[in-house]
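Order-wise, the sequence lines are chains A, B and C.
Quick note, the first sequence lines up with residues 1 to 312 if you use this note's numbering.
Quick note, the second sequence lines up with residues 313 to 433 if you use this note's numbering.
Quick note, the third sequence lines up with residues 434 to 696 if you use this note's numbering.
No wet-lab data here; the hints were simulated from the structure.
Positions of the beta carbon are idealized from the N, C-alpha and C atoms, including for glycine.
Any given hint could turn out to be false.
Coverage of chain A stretches by chain B, computed from C-beta distances (three or more under 8 Å per stretch; other residues unrestricted) [to be verified]:
no.: 1; stretch: 92-99
no.: 2; stretch: 172-179
On the chain A side, residues computed to face chain B include the following (Cβ under 8 Å) [to be verified]:
no.: 3; residue: I32
no.: 4; residue: Y169
no.: 5; residue: T218
no.: 6; residue: P275
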Amino acid sequence: MSLAIETTDLTKVYRHTAALDHVSLGIEKNTICGLLGRNGAGKTTLMSILAGQELKTSGQARVLGADPFENAAVLAQLSFARENQKYPEEFKVSHVLRTAPWFYAGWDAGFARRLIGEFRLPLKTPIKKLSRGQLSAVAIVVGLASRAPVTFFDEPYLGLDATARGIFYDLLLQDYMEHPRTILMSTHLIDEAANLLEHVVVLQDGRKILDSSVEEATASAFTLSGTATAVAEATGPRKVLRTQALGGLRSVTIAGIPDERLYADARAGGLEVGPVSLQELVAAHGLLEGGEPAAVAHPAEKDQTEAKEALR
Amino acid sequence: MDDSKPIFIQLAEEIEGRILEGTYPEGTQVPSTNEFAAFMRINPATAGKGLNRLVDAGILHKRRGIGMFVATGALDRLRSVRREAFGDQYLSPLIDEAARLGIDSDELIAMIGHRAAVAGK
Amino acid sequence: MSITQPRPVAGAPSAQPTLPTQRPVGALMKIVRLHFADPMRMIGVPLFIFGSIIVLCIVVMGLLRSFAPASPAELTEGFGYNQATLWCFAGYFVSIGVMAYSRTMPFALGMGSTRRQYFVGTCLALLLESVFIGVTMTVLLALEKATGHWFNGARVFDVVAIGNGSYSSTFLMGFGLSAAMLFIGAMFAVVFLRWNQKGVIAVIFGTVAVLLALIWLLLAAGVNPFGWFEGATFAKIALIMILVALISATGSWLMLRRAPVGR
Chain A
1 MSLAIETTDL
11 TKVYRHTAAL
21 DHVSLGIEKN
31 TICGLLGRNG
41 AGKTTLMSIL
51 AGQELKTSGQ
61 ARVLGADPFE
71 NAAVLAQLSF
81 ARENQKYPEE
91 FKVSHVLRTA
101 PWFYAGWDAG
111 FARRLIGEFR
121 LPLKTPIKKL
131 SRGQLSAVAI
141 VVGLASRAPV
151 TFFDEPYLGL
161 DATARGIFYD
171 LLLQDYMEHP
181 RTILMSTHLI
191 DEAANLLEHV
201 VVLQDGRKIL
211 DSSVEEATAS
221 AFTLSGTATA
231 VAEATGPRKV
241 LRTQALGGLR
251 SVTIAGIPDE
261 RLYADARAGG
271 LEVGPVSLQE
281 LVAAHGLLEG
291 GEPAAVAHPA
301 EKDQTEAKEA
311 LR
Chain B
313 MDDSKPIFIQ
323 LAEEIEGRIL
333 EGTYPEGTQV
343 PSTNEFAAFM
353 RINPATAGKG
363 LNRLVDAGIL
373 HKRRGIGMFV
383 ATGALDRLRS
393 VRREAFGDQY
403 LSPLIDEAAR
413 LGIDSDELIA
423 MIGHRAAVAG
433 K
Chain C
434 MSITQPRPVA
444 GAPSAQPTLP
454 TQRPVGALMK
464 IVRLHFADPM
474 RMIGVPLFIF
484 GSIIVLCIVV
494 MGLLRSFAPA
504 SPAELTEGFG
514 YNQATLWCFA
524 GYFVSIGVMA
534 YSRTMPFALG
544 MGSTRRQYFV
554 GTCLALLLES
564 VFIGVTMTVL
574 LALEKATGHW
584 FNGARVFDVV
594 AIGNGSYSST
604 FLMGFGLSAA
614 MLFIGAMFAV
624 VFLRWNQKGV
634 IAVIFGTVAV
644 LLALIWLLLA
654 AGVNPFGWFE
664 GATFAKIALI
674 MILVALISAT
684 GSWLMLRRAP
694 VGR
């Protein structure tokens with residue numbers, strides 16, 4: 001399979017900070033890829049450069065084999081609705097429906113109408129009067145109905161309730177299977193989206209800390225839980241990514257693949273060996289890299305982020 | 313579903329379970345990868361991996377352009393594999409828990425006999 | 434959970450017949466059409482502004498004829514210096530130019546347009562809009578003359594400031610003025626994209642400084658820059674306006690090439 005998106009040492013520097021710091025990654029064609037990381041990790045900057053909206057400072061970015069910047073042939077294959085996407089003044093949803101087909105060869109007007117119905121979007125309300133969730137729904141409608149060979153979703157779920165998010169995930173999967181294409185989706189809701197993803201890229205402070213298939217990623221570590229002393233004994237010199245303790249019990253995320261020796265120790269110590277979820281893995285990497293846990297690891301912090309998003 | 317296992321193994325075990333209880337008899341077609349993916353809300357590549365695991369184990373067989381079917385002999389094969397795993401998967405934890413609760417083996421056997429009688433099996 | 438049957442995916446398949454697929458629109462035309470997609474902004478509001486001025490002037494004229502101690506002929510003569518049309522759409526057109534880059538551009542780029550396509554298409558749309566305003570003002574001038582200045586002597590378009598009753602001068606003034614306002618607005622929006630608030634302020638001060646320096650230099654050299662305007666005044670003013678639009682457009686493109694969009 002060939003790569004739909006490829007970057008080499010991609011770097012973006014704003015005044016004093018590096019929004020992207022030598023990011024090299026590759027995303028295969030026709031996969032659903034998750035772009036994970038905390039706010040400010042560089043997710044939107046990466047997508048903006050790939051969509052030709054921001055200029056890179058150095059390095060290479062390639063979409064469908066070519067530099068996307070001012071490349072009409074590449075950009076015509078691309079759809080990118082930002083989390084804070086702007087629309088022409090006074091535009092209504094009906095205007096978006098009318099103008100979007102001019103931009104996409106594969107636009108499916110019937111599917112767009114169906115999506116509008118699924119998300120109960122009002123056609124005649126000015127977009128600036130829509131709620132946060134309705135704004136997200138507009139971006140979802142454009143992203144899905146455009147059938148663009150490369151589609152970016154930038155936190156497409158903001159303001160949507162669990163039901164609407166479920167509808168989005170179902171429609172995304174269904175349409176992806178009928179019309180395979182490359183989808184890059186940034187998200188904080190890792191547990192919710194993990195099963196949809198085939199590939200995952202994790203950014204932190206502008207650096208890439210993970211770029212692999214979800215399968216390889218989750219196979220790159222495992223959890224071990226039981227009494228603190230037995231866990232410590234069985235862990236030995238292995239690299240611990242994350243430790244959670246509750247009373248005398250302890251659960252550790254360990255890098256690598258469990259071997260026979262570990263299984264034997266686990267049996268002897270009454271320990272449980274389990275796979276790591278994508279969410280746990282990202283949280284574990286957060287601890288490893290920055291010395292502080294990733295946002296996803298802290299329910300309280302996650303709630304705060306959501307509350308902030310709701311206020312916007 | 314059991315979250316302690318990778319999703320493709322969960323899918324494979326779920327299908328095995330359906331075959332064992334007769335929902336998918338030998339020789340019949342099972343839903344497609346995409347149908348399983350949509351149903352479980354998982355990436356089709358993951359669903360495909362679960363199904364391929366069963367193909368590799370000889371439980372399902374592919375008919376090009378048509379779909380996947382339950383292989384002849386799948387039931388026997390599944391039963392023997394599961395019988396082998398039964399001790400580790402079910403008996404060991406049962407015995408461990410019984411020991412924690414102070415149930416000795418005679419009592420445990422009696423309890424199992426009673427349960428089975430009540431369930432009519 | 435049961436997986437005997439695939440769960441129906443949310444929503445029934447579309448019951449509507451599939452809509453006819455639209456002909457792909459050219460890269461530039463789609464940008465032009467995008468600007469006119471909401472006809473209120475480019476056509477409705479300007480017409481409404483002109484209509485309001487006409488009504489307002491008729492009412493003012495009516496009041497003056499009832500209460501002012503002057504003859505109707507004198508009043509009509511005085512209305513010839515009415516500058517309402519000159520100023521009414523300046524502000525609105527600057528805002529159209531600004532929104533073309535602050536709001537419409539992120540939308541078009543998100544849908545896969547290039548900067549170049551967007552810029553050229555937008556220039557075409559703004560020029561079309563200027564032609565539309567020039568034509569509208571000329572037609573309204575004809576209407577004004579045909580109705581004896583709106584039946585009560587109120588002069589709105591047959592005025593000194595925008596062509597002194599000449600059709601060609603009025604068209605040129607309408608076209609030049611709107612083009613200048615639209616492209617200046619567009620340029621400031623691009624400056625904002627590239628350098629934010631600070632850039633906008635710097636450009637305003639810079640422009641004023643350059644203009645003042647130019648006039649000072651000409652005066653110091655003993656040349657009266659305003660003398661040049663005598664004879665074919667309106668054509669010359671329009672020419673200056675068109676030059677301003679051209680310079681703004683060129684500047685916009687140079688800055689736009691490296692400006693981040695959509696943030």
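Results of checking the hints against the structure:
no.	hint	result
1	92-99	violated (count 0)
2	172-179	holds (count 4)
3	I32	holds (6 Å)
4	Y169	holds (6 Å)
5	T218	holds (7 Å)
6	P275	holds (6 Å)
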